[in-house]
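Spelled out, the chains give:
2 protein chains.
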Amino acid sequence: MSAVTTDLAAGHTGVPDEVLKARAYLLRVAEPPCREVVDLVRQYGPVEAADRIRHGVLSDPLSKKVQARRAHDRAEADLEAAHAVGARLLVPEDPEWPAWPFTAFGTRGALAKPELAPPVAVWVRGARSLSELCEPAVSIVGSRAATGYGTHAAAEFGSVLAAAGVGVISGAAFGIDAAAHRGALAVGGPTVAVLACGPDRAYPAAHESLLERIAASGAIVSEYPPGAVPARHRFLVRNRLLAAMGGGCVVVEAGARSGSQRTASDARTLGRPVMAVPGPVTSAMSVGCHELVRAGAELVGRPEHVLETVGRLGVDLAAAPARPRRPTDGLDPDAAVVHDALPTRAAWPVDRLTEESGLPAEIVRASLVDLEERGLAEYVHGLWQRPAPSPRR
Amino acid sequence: MSAVTTDLAAGHTGVPDEVLKARAYLLRVAEPPCREVVDLVRQYGPVEAADRIRHGVLSDPLSKKVQARRAHDRAEADLEAAHAVGARLLVPEDPEWPAWPFTAFGTRGALAKPELAPPVAVWVRGARSLSELCEPAVSIVGSRAATGYGTHAAAEFGSVLAAAGVGVISGAAFGIDAAAHRGALAVGGPTVAVLACGPDRAYPAAHESLLERIAASGAIVSEYPPGAVPARHRFLVRNRLLAAMGGGCVVVEAGARSGSQRTASDARTLGRPVMAVPGPVTSAMSVGCHELVRAGAELVGRPEHVLETVGRLGVDLAAAPARPRRPTDGLDPDAAVVHDALPTRAAWPVDRLTEESGLPAEIVRASLVDLEERGLAEYVHGLWQRPAPSPRR
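Chains R and P, in that order, are what the protein sequence lines are. The first sequence begins at 1 in the UniProt record's numbering and counts up by one. The second sequence begins at 1 in the UniProt record's numbering and counts up by one.
Hint data in this document are derived by calculation from the structure and do not stem from the laboratory. Worth double-checking, as some hints may not be accurate.
Copies of one chain are not kept apart here, so a pair can be met inside one copy or by any two copies together.
[Claimed, not checked] List of simulated lysine to aspartate or glutamate pairs, DMTMM-like, C-alpha gap at most 20 Å: (1) Lys-65 - Asp-334; (2) Lys-64 - Glu-355; (3) Lys-65 - Glu-80; (4) Lys-21 - Glu-36; (5) Lys-65 - Glu-355; (6) Lys-64 - Glu-48; (7) Lys-113 - Glu-132.
In this text the structure is predicted, and so the values were computed from the model without any measurement.
Let the hints inform the model, and build the full structure from the sequences given.
Right, dumping it as structure tokens:
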């Protein structure tokens with residue numbers, strides 16, 4: 001593997017080899033997320049930080065966390081394995097690094113939580129620049145046991161957002177995740193799958209071809225090297241990347257207690273607006289979404305609502321829902337009262353309309369003229385009536 | 001009709017006949033709502049207010065509004081017609097008047113809107129006390145063109161709330177309204193239909209037996225006398241009563257532009273919390289509900305959420321002092337008059353205070369003792385004065 005390449009699939013535009021090797025080592029030496037490794041890198045840079053760990057020049061808490069793995073440097077093997085499966089190690093020193101999305105890890109709330117430490121680097125497989133796929137982007141998450149309604153909504157949101165150029169970030173799981181990715185793929189739009197296993201593994205296995213399609217037109221991202229298996233705790237760890245990479249987090253269907261609510265909670269702490277798609281109150285799969293809205297999440301009824309929140313200000317603003325026009329729209333209140341008083345199957349003189357409407361005769365007369373101009377009243381043989389209804393268009 | 005009766009169906013416990021006649025006249029002489037009539041009644045009482053209108057002793061705006069009908073006094077005919085159909089005129093002088101719910105018309109927002117003037121009186125048909133049916137109560141409104149999902153939800157909310165003793169207030173229309181009433185009736189719970197026509201009319205006609213059942217176990221309410229037809233503007237006018245009578249307003253299904261949203265807007269102005277039941281984002285009938293939540297309404301996924309909100313209001317309203325406490329709060333009226341008479345920068349003998357207050361000397365003396373105990377009066381060298389104001393805490 002050359003120290004400097006320009007091919008995106010191979011990766012590492014201009015990043016020195018020693019930095020890549022150092023970060024590959026750091027990514028594996030402690031199970032992510034590890035705040036102490038991040039702090040050490042901030043203080044000494046990746047190369048010296050890796051050296052210090054290798055040589056045991058460490059603070060007490062970090063010393064314990066790296067004790068098991070610090071002597072086994074598998075950085076070169078991981079980089080070679082990645083190269084073999086078309087993956088690359090993406091590091092903060094690379095212009096492709098999604099630096100802006102990951103500023104989320106610098107919020108006061110995130111800094112207070114060790115489990116919301118930023119990644120030291122990520123493994124990426126895919127044809128496109130990750131930073132471009134993420135700016136702008138939205139994470140879409142939800143239940144694996146989604147209903148037909150939920151998968152329909154996720155696909156709709158995924159395709160409309162992707163068609164608008166918004167990256168659809170999800171976890172490639174069954175149900176909502178897969179539907180969101182498929183929606184984005186269907187319109188040839190940007191989509192990113194964040195995995196809890198190596199970027200080369202198909203998990204779940206049934207999504208092998210889906211993952212291939214995501215890699216072909218978007219990206220697959222993971223903190224775990226090629227071959228790593230999806231351990232349970234890694235799904236929770238993975239969720240913070242998913243939440244940070246989206247400028248907002250949309251929950252489509254979620255049960256009363258679900259991983260999606262955990263992702264939503266991470267997103268909130270990371271300063272990301274949390275949105276939830278409502279559903280029937282009779283559906284157990286929408287209970288979690290409704291609870292999120294009651295707790296302050298934004299209800300999104302259409303993908304345009306998401307664009308309004310996350311998209312470029314002033315450009316993607318959702319249009320107001322279409323409102324049916326009525327012939328009586330825009331009438332002043334008196335004219336509306338007179339119109340109500342007009343009989344349907346009869347014709348009346350002004351004084352009868354005056355009594356029925358309770359309005360002074362001069363106002364009734366003025367209103368009748370107004371109504372006549374609008375085609376809402378007819379004057380026939382000295383009496384006023386409603387015109388016969390025209391056939392519906 | 002006797003001047004004083006005790007039978008609820010006939011109504012008017014202890015209300016003088018002349019008050020009933022005056023309010024029946026006032027209710028019809030201007031199309032409700034009419035702020036000017038309300039103000040006139042507040043100033044002169046109903047009997048003199050009616051006389052002034054009959055004799056044309058009026059301000060300009062009111063003069064125009066009553067011009068068409070003031071010479072046609074149909075009060076007695078209306079009262080007789082009501083009696084004949086088992087309806088009664090309910091007036092603010094009656095203990096059955098829902099005085100507490102109607103305090104909503106006194107909010108700053110309501111006072112600023114002429115269309116949110118309180119009713120001068122209401123026609124009522126039904127077996128139970130309206131004030132009891134309304135305390136506590138919730139209004140449930142929604143689309144006439146409801147879906148099966150919406151009617152299911154409305155019936156569920158109606159029955160759970162009514163079973164908890166919460167009056168279900170609605171408009172007896174097709175769709176959501178009827179489902180909410182039916183839900184309440186199914187558990188033998190309290191329900192009230194507010195109509196835009198006379199309380200004896202079945203509108204819609206297909207709801208004749210539903211309305212009979214509502215009258216039999218709850219109440220039918222209207223500002224329009226027996227026989228009055230439902231004109232379109234009357235539905236909007238009616239909505240404010242519906243909104244005021246519920247301690248909160250629940251919208252179950254509503255299109256993008258709907259009367260329910262108008263009712264919700266009235267409810268908000270009247271200080272009533274607005275709640276909305278979500279539904280599938282694929283349903284046009286839930287768009288209005290979702291827009292309401294996006295605009296700040298509370299999403300309610302279960303009837304218990306409504307109970308939480310309305311119950312909380314009851315508790316808060318009971319506990320929270322409506323006004324700041326003043327040292328003179330709780331004084332009996334005589335003591336308050338004597339307190340007013342006490343000079344700020346001088347000291348007076350009892351006989352001077354007797355003269356200033358216009359009260360007998362023995363009452364002035366007793367009041368001064370009371371005021372002294374409260375620290376509101378000081379006796380110094382045989383003269384009474386106000387204590388020097390104490391520095392603010």
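We went through each hint and held it up to the structure:
Proximity of Lys-65 and Asp-334 under a CA criterion of 20 Å is satisfied inter-copy only: 11 Å between copies versus 42 Å inside one chain copy. For the identical chains of this complex, Lys-64 and Glu-355 are inter-copy neighbours only, at 12 Å across copies versus 46 Å inside a copy, given an alpha-carbon limit of 20 Å. Proximity of Lys-65 and Glu-80 under a CA criterion of 20 Å is satisfied in neither setting, with 25 Å inside one chain copy and 89 Å between copies. Taking CA atoms no more than 20 Å apart as the test, Lys-21 paired with Glu-36 passes inside one copy only; the shortest distance there is 19 Å, against 84 Å between copies.
Proximity of Lys-65 and Glu-355 under a CA criterion of 20 Å is satisfied inter-copy only: 11 Å between copies versus 46 Å inside one chain copy. Taking identical chains as interchangeable, the C-alpha atoms of Lys-64 and Glu-48 lie at most 20 Å apart only when both belong to the same chain, with a minimum of 19 Å there against 89 Å between chains. Proximity of Lys-113 and Glu-132 under a CA criterion of 20 Å is satisfied in neither setting, with 28 Å inside one chain copy and 52 Å between copies.
Violation of the numbered hints given earlier is confined to hints 3 and 7; the remaining hints are satisfied by the structure.
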